[in-house]
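Keeping their order, the protein sequence lines are chains B and V.
Take the first sequence: its position 184, counting from 1, is numbered 183 in numbering that gives the first Met the number 0, and each next residue is one higher.
Take the second sequence: its position 62, counting from 1, is numbered 61 in numbering that gives the first Met the number 0, and each next residue is one higher.
Check the hints yourself; a few may be wrong.
Here are the simulated lysine-lysine pairs, DSBU-like style, with alpha carbons at most 30 Å apart [to be verified]:
(1) 502/V <-> 66/B
(2) 4/B <-> 91/V
(3) 460/V <-> 215/B
(4) 44/B <-> 259/V
(5) 176/V <-> 174/B
(6) 460/V <-> 174/B
(7) 150/B <-> 293/V
(8) 252/V <-> 226/V
(9) 202/V <-> 130/B
(10) 106/V <-> 174/B
(11) 174/B <-> 31/V
(12) 73/B <-> 502/V
(13) 457/V <-> 174/B
(14) 202/V <-> 174/B
(15) 31/V <-> 153/B
(16) 174/B <-> 91/V
(17) 44/B <-> 215/B
(18) 293/V <-> 138/B
Per the computed footprint, the stretches of chain B lying under chain V, defined by three or more beta-carbons under 8 Å from a beta-carbon of chain V, are [what the hints assert, rightly or not]:
(19) 118-131
(20) 173-185
(21) 220-226
Quick caveat, the hints were computed from the structure, so don't treat them as lab data.
We put the beta carbon where it would ideally sit given N, CA and C, even for glycine.
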Amino acid sequence: MKMSKLSLFVLLTIGAYLVLKIVVPIIGRFLHPGTWPLIPTSLLKMYMLFIIVTILLYLTSKEEDAKALIAPIKATLTDPSKRMLRNIIFAVIPLLAAYITYSNVAPSYDAPVELRSIHPAPPSSVNAYNKSYNLLTLKNPLRDDAANYAKYVKEGGEVYFKNCFYCHGDKLDGKGHFYQGFNPQPLPFMGTDTIAQLSESFVFWRVATGGPGLPKEGAPWLSAMPIWEHFISEEEIWKVSMFIYDYSGNKPRTF
Amino acid sequence: MNIKKLFKMHYLLAVILLIATVSISEAAKGDKEAGKKVYEKKCAWCHGWAGAGDGAAADFLNPRPRDFTSGIYKYKTSNIDNPFPYEEDIYKMIANGMTGTSMPFWKDVLSDKDIWNLVAYVKSLAGLEGEPAAKVNYGKQVSSSAESIKKGKELFIDRCSECHGDEGKGDAMKKLKDDWVGNRIWPRNLTKPWLFRAGSDPKDIYTRISTGISGTPMPSFDDPASKKKLTEEEKWHVVNYVTSIKNEARRLKDGDTVVKAKRLTGELPKDVNDEKWKDVESTAYPLVGQIIAKERFFTPSVEDITVKAVYNDKDIAFLLEWDDRTNSIPGDAKAQELADGEFYEDAVSIQLPVTIPEEMEKPYFGMGDGSHPVNVWHWKSGTAKDPQSVNVMDATGFKNIKKRDKVNITAKGSYNKGTWKVMMTRPLKTDNKDDMQFEEGRFTPIAFATWDGTNGEKGSKHTITTWYWILLKPPTGSKVVFIPLLVAGIVLGAELLIARSVKKK
Numbered sequence: 000m001k002m003s004k005l006s007l008f009v010l011l012t013i014g015a016y017l018v019l020k021i022v023v024p025i026i027g028r029f030l031h032p033g034t035w036p037l038i039p040t041s042l043l044k045m046y047m048l049f050i051i052v053t054i055l056l057y058l059t060s061k062e063e064d065a066k067a068l069i070a071p072i073k074a075t076l077t078d079p080s081k082r083m084l085r086n087i088i089f090a091v092i093p094l095l096a097a098y099i100t101y102s103n104v105a106p107s108y109d110a111p112v113e114l115r116s117i118h119p120a121p122p123s124s125v126n127a128y129n130k131s132y133n134l135l136t137l138k139n140p141l142r143d144d145a146a147n148y149a150k151y152v153k154e155g156g157e158v159y160f161k162n163c164f165y166c167h168g169d170k171l172d173g174k175g176h177f178y179q180g181f182n183p184q185p186l187p188f189m190g191t192d193t194i195a196q197l198s199e200s201f202v203f204w205r206v207a208t209g210g211p212g213l214p215k216e217g218a219p220w221l222s223a224m225p226i227w228e229h230f231i232s233e234e235e236i237w238k239v240s241m242f243i244y245d246y247s248g249n250k251p252r253t254f
Numbered sequence: 000m001n002i003k004k005l006f007k008m009h010y011l012l013a014v015i016l017l018i019a020t021v022s023i024s025e026a027a028k029g030d031k032e033a034g035k036k037v038y039e040k041k042c043a044w045c046h047g048w049a050g051a052g053d054g055a056a057a058d059f060l061n062p063r064p065r066d067f068t069s070g071i072y073k074y075k076t077s078n079i080d081n082p083f084p085y086e087e088d089i090y091k092m093i094a095n096g097m098t099g100t101s102m103p104f105w106k107d108v109l110s111d112k113d114i115w116n117l118v119a120y121v122k123s124l125a126g127l128e129g130e131p132a133a134k135v136n137y138g139k140q141v142s143s144s145a146e147s148i149k150k151g152k153e154l155f156i157d158r159c160s161e162c163h164g165d166e167g168k169g170d171a172m173k174k175l176k177d178d179w180v181g182n183r184i185w186p187r188n189l190t191k192p193w194l195f196r197a198g199s200d201p202k203d204i205y206t207r208i209s210t211g212i213s214g215t216p217m218p219s220f221d222d223p224a225s226k227k228k229l230t231e232e233e234k235w236h237v238v239n240y241v242t243s244i245k246n247e248a249r250r251l252k253d254g255d256t257v258v259k260a261k262r263l264t265g266e267l268p269k270d271v272n273d274e275k276w277k278d279v280e281s282t283a284y285p286l287v288g289q290i291i292a293k294e295r296f297f298t299p300s301v302e303d304i305t306v307k308a309v310y311n312d313k314d315i316a317f318l319l320e321w322d323d324r325t326n327s328i329p330g331d332a333k334a335q336e337l338a339d340g341e342f343y344e345d346a347v348s349i350q351l352p353v354t355i356p357e358e359m360e361k362p363y364f365g366m367g368d369g370s371h372p373v374n375v376w377h378w379k380s381g382t383a384k385d386p387q388s389v390n391v392m393d394a395t396g397f398k399n400i401k402k403r404d405k406v407n408i409t410a411k412g413s414y415n416k417g418t419w420k421v422m423m424t425r426p427l428k429t430d431n432k433d434d435m436q437f438e439e440g441r442f443t444p445i446a447f448a449t450w451d452g453t454n455g456e457k458g459s460k461h462t463i464t465t466w467y468w469i470l471l472k473p474p475t476g477s478k479v480v481f482i483p484l485l486v487a488g489i490v491l492g493a494e495l496l497i498a499r500s501v502k503k504k
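With the sequences and hints as input, model every part of the structure.
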């Protein structure tokens, strides 16, 4: 039996809703064990709107398709044998509308959603240590000294375990013993989502200038990432960068 | 010697041999050389390259990482005659970590085998070999009942309160140090079992009471030579009491980011103990060390703060509650006994933006920034000479903090058995342009900080929170009923119109 266009529409919409509501958190849980990352309600509404519009466009792309979609609705409205159904639908839709409006105007304690870009585009140059660095050409000078690689990594580890692990974690998983106190939470270095995507000059910029060094789309007023030029030397930043790449088995992006 | 006797001797020898091989094969669960490799990658940073508890991180931590060369382990299930833990005990501490400390759980990144290898390696650092001979005796578990809890409470007051406080919040009457480097150590707050380091099941607590916590002043209550010894049954009563004093209100709830200020029609509460606070919802927030700006502070003793707020048409009042093990009164002889040298007043503060943000952009969460000033209400607990005080500060960053001459808030705190309660009140609206003006129905950023003076907290050394929200929830007016009805009417009208037009065709 061929499915009616209308049922297809309803099914697709419900399917999309379930994906956003359940499948996405499951994937999130898989990526970040121990969490159940929900899509905030306001975002969910926006996504659903786009999805419904897309499905409608898809289903009505041909004239006869559009007619087929509307046909059952038309039938319900006119066919005398469907009177009962018609009355029920006529009663349910306004009630539904009233309910949706109510849940929108009723005061709620849902905190506003704060969207921020995790990896905003870096500036082309940054000022730190009373110098200006061109981020396009900046390289980690210690990497040229391959003979001392192991030594630098170890020294970087010492820097890390004096300064960074409270937040970024003993396991570099973003879960140090203070991580709960911050929002956004400290980023992990393990896995391939963070420093694996970044060039080392980006890491230098982020470490030297910290949260307040972010552009507006990164919400600098929220980030607890300290301004490290106040605490550690330029060389120590390069060493700790080598440590976090080495420990996590990641490589800085070079292109 | 007759044959029979000889046979018996052989028999004995065989048994001994058997026991020996079993225990050797048991002790050989892990390979210490393989363990060393993992140790040097993951553990040495804290526990030190030679295992002496002196890694790079050690000086920034309280408790300090374990010194494995001492062979002393805090958590074990072997009985009082056996000072060292089972390998299984060490395994569990590595796999599960120690909540509330920097010691993480490793079972997510290390395999079973790696962990057994680590056990073998850390044991070898103190030359420990073999397994203990006997476990703690659990007797017959007494299930919890009002009667058992009552008995447990009496025993608790007698045996435990000198360290853990009358209500179990760890508000000690003694200064306690550990056995390794004489680090200051605080008795556990037993009303927050989710922060216990080695588990909070009744059986875990029973084990702690039985073994004590080696290397710390927490004694074993199985010592036959001690007048304080508890029988198996008594220990279960104490366990039942301890599990009954859990304070859920202090527990952090994921996603609970909004202080829900409740509107009252009459007067606001008079003080921290006013009945009116009883049915106001509270929210708990984690406090962490201020490790962002100079001078940083790494070893806080206060873990969290709970907040309530109420308002009427004139004023808003906050009730801030946090567990602090010491009432720090500089100049007071008793408070001095609990302190290490110089100490300071306890304190708490609330931070608010001067302008409620229209968009996402807020002041920097650490005392604001140049273009976004914040208000800080700062209450201090007073000294033997000076009474409690409250100040308002205008800040545009860590380094730009100005104390006002005139204060338009009132604050009063009271300390009782390990808990501070402080109430702060201010008019909703003021005529000072540097003040934030509260508005009903607007999500407004808010942040908190505390100082435990006996723990050396003063100035920039204190705990902080990130930005949370406060919402003065307006009473639900007629709008909430009227608008949905209107919408329902319009939709019904539209339906009828459509139906008619379709029929006509």
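Within a Cα-Cα threshold of 30 Å, do residue 293/V and residue 138/B meet the stated pairing?
29 Å, holds
Within 30 Å, alpha carbon to alpha carbon, are residue 4/B and residue 91/V?
With Cα atoms ~58 Å apart, residue 4/B and residue 91/V exceed 30 Å; violated.
Holds or violated: are the alpha carbons of residue 202/V and residue 174/B at most 30 Å from each other?
28 Å, holds
Hint consistency between residue 460/V and residue 215/B [alpha-carbon to alpha-carbon, up to 30 Å]
29 Å, holds
Run the distance test for residue 502/V versus residue 66/B: straight-line Cα separation, threshold 30 Å.
With a Cα-Cα distance of about 16 Å, the restraint between residue 502/V and residue 66/B holds, given a limit of 30 Å.
Is residue 460/V within 30 Å of residue 174/B, Cα to Cα?
Between residue 460/V and residue 174/B the Cα gap is close to 22 Å, so the pair holds against 30 Å.
Hint consistency between residue 252/V and residue 226/V [alpha-carbon to alpha-carbon, up to 30 Å]
Given pair residue 252/V, residue 226/V is violated - Cα atoms ~42 Å apart, limit 30 Å.
Please work out if residue 174/B and residue 91/V have their alpha carbons no farther apart than 30 Å.
Distance of about 20 Å is within 30 Å: holds.
Given as covered by chain V, does the region 118-131 of chain B meet the bar of three residues or more with CB within less than 8 Å?
With 0 residues close enough to chain V, the hint is violated.
Going straight from one Cα to the other, do residue 150/B and residue 293/V come out at no more than 30 Å?
29 Å, holds
CA of residue 73/B to CA of residue 502/V, is that 30 Å or under?
9 Å, holds
Going straight from one Cα to the other, do residue 174/B and residue 31/V come out at no more than 30 Å?
28 Å, holds
Hint check: violations occur at hints 2, 8, 9 and 19; the rest are consistent with the structure.
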